[in-house]
Amino acid sequence: MAADAGRYSLTLSPRTRRRKLVNLLMQALATLAALSAVAVLVLVIVSVAQRAFGALTWDFFTKTAATFGESGGGVANALVGTIVLVVVAAVMAIPVGILVALYISEFAPPRIATATKLVLDVLNGLPSIIIGIFVFGLLVLGSGQAAWKGSFALAIIMLPLIARATQEVLALVPSTLREGALGLGASRWRTVVGVVLPTSIGGILTGTVLAVARAAGETAPLLFTTSIAANVVTWDPRQPVLSIPVDIFALSESPDPADHARAWALGFVLIAFVLVISLGARLLLVRHQKKLEG
Amino acid sequence: MSAVPSAQLLRVRRRLGDRFGDIFLYGLTAAAAAAAGALLVAIAWKIFDVARPAISKFGFGFLTHQGWDVARNQFGALDFIWGTAITSLVALAIAAPVSIAIGLYLSELAPRGARTVIASLVELLAAIPSVVLGLWGILVLGPFVGQDLEPWLHRHLGFIPLFSGSPENSGILVAILVLTIMIIPISSSICRELFLGVPDELEHGALALGATRWEMVRGVILPYTRSGVSAALILGFGRAIGEAIAVTQVIGAGHGIHWSLFVTGDTLASRVAEQYQGAAGLQLASLVYLAAILLVFSLIVNLVALGITRRFSYQRAGAT
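Note that the protein sequences, when read in sequence, are chains A and B.
Under our numbering, the residue at position 55 of the first sequence is numbered 55, and the numbers go up by one with no gaps.
Heads up: take any position in the second sequence, counting from 1, add 1000, and you land on our numbering.
Some hints could be false.
[To be verified] Among the chain B residues that face chain A by a calculated CB cut under 7 Å, a handful are:
#1 Asp1022
#2 Thr1029
#3 Gly1037
#4 Ile1043
#5 Pro1053
#6 Ile1055
#7 Ala1101
#8 Leu1109
#9 Val1140
#10 Leu1209
#11 Thr1212
#12 Arg1213
#13 Trp1214
#14 Ala1269
Source of the hints: derived by calculation from the structure; they are not laboratory data.
Where a beta carbon is used, it is the ideal one built from N, C-alpha and C, also for glycine.
Please model the entire structure based on the sequences and the hints provided.
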């Protein structure tokens, strides 16, 4: 009877208590890990915003860097440079990226489609500095830097991102739509241009925008291809231009606190641009996927 | 003779247009895909091409030679291979448990409403440009590491060679922390998806048998996703070995092979990013040789990770 009392007692045995304790500890650690990741994000954003605040003046956006000894000045040339670089890169990468995705999803035999996807994944995994050196060796050695060469490097970074994102959206297009169009007598290319692409345009846009956000923040490919530029605002892609990331990189290594302030302000502009775009694109994507699936 | 073409003619024209359009679109897309493949080959070829003077001068001895003497034209990669290895491996060692824990939290623990919010916040960490993270690394994290973290580690754990030496504001340890921050969002978001893919029946079965949540994780989720998780970590590692900019900003351009994490150092990528300017002749070729080594490393790492994921998804596809 006494033994039975122990067996049916509602108090936990030491073993069970230990198991529950370990469980609780592990849950606490997992929660802590997630919280610390969010904390790092907040910490980085807050420290950038705090230090940038004072430097974000009208002059900052409209003037070029002050010459030595002068105070003030801005980063207009870097801002314009980044716009030029990213726009030209997007013009190069978007059509090719969409075509590659179309090939994978509409035309390629399964084995070649897998191989092409592998090529894209490997391209995506290459360190961006490797791509910078490639373009340096291909286009810059012997003939000098230019904005379009930097754009070419950025386009190589964007290509796998756009192609993979597009291909994944194309895979979501219901095959009944394709079959319907083909059954009505439409040719292959009319089906693609008239049915498949319009259905997936939202997802393609999202992928493209995310690729643009990624390219806008890249430094290493530009270091070798368009980093030494005159201190003037230029929209000409045949000239070398300064860009936001390269400028931050240069300013961050300077010992002058005034340069640090400008680096923080530029960092803030870059982070704001990238974060707003990636958040917006993610929301768009979720909506688009719901529409396709539901 | 009327100006309106006959229906017959229209049909023929249309059929020709369709046939031409089909071939044209097929050719265009196939050419784009071929161009992507050619690009990959061209990248590898061009890098080895630019590095050729250094490769023919130093051969494989470059890999085991220590020192980087611009004046005497003597270059070796061993210091930087070491720097890449120690920074990336230690960063991976820190990031691995944290990434798995975050993945578990997001897939199993987080309150339903907060789940997607926290998940996208963690992913946003990956969207912060590396140059901004590096800026934060030099000016905020570096002083903290040099003045607080390293003295503390040295005082309490100084008997371990890793924590010997005098604290510095820039060096290997700062680079490790920055790389850890870069690996975590990549690996943890893949881990989360893997954990969410574990069939509910298995999880519920374990819980119904009386397992605690942690026992369910250890007994069901982790074994079920083991290969996927290792691929996720390897992908993060691949990102770490190739990161040039943020590492250059915080690692302090040092030399030599030391066990201490406090000293300055250099990785393959950071040495290239530092010295490209004004480099010419054999120095330039040697820098590109470093890049070629990095290229081979990152190709191997990526292919291993992709190979694992491919096998993994086949298994899953076969299982269902």
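Here's how the hints hold up against the structure:
| no. | hint | verdict |
| --- | --- | --- |
| 1 | Asp1022 | 5 Å, holds |
| 2 | Thr1029 | 4 Å, holds |
| 3 | Gly1037 | 5 Å, holds |
| 4 | Ile1043 | 5 Å, holds |
| 5 | Pro1053 | 12 Å, violated |
| 6 | Ile1055 | 14 Å, violated |
| 7 | Ala1101 | 4 Å, holds |
| 8 | Leu1109 | 6 Å, holds |
| 9 | Val1140 | 5 Å, holds |
| 10 | Leu1209 | 13 Å, violated |
| 11 | Thr1212 | 4 Å, holds |
| 12 | Arg1213 | 6 Å, holds |
| 13 | Trp1214 | 4 Å, holds |
| 14 | Ala1269 | 5 Å, holds |
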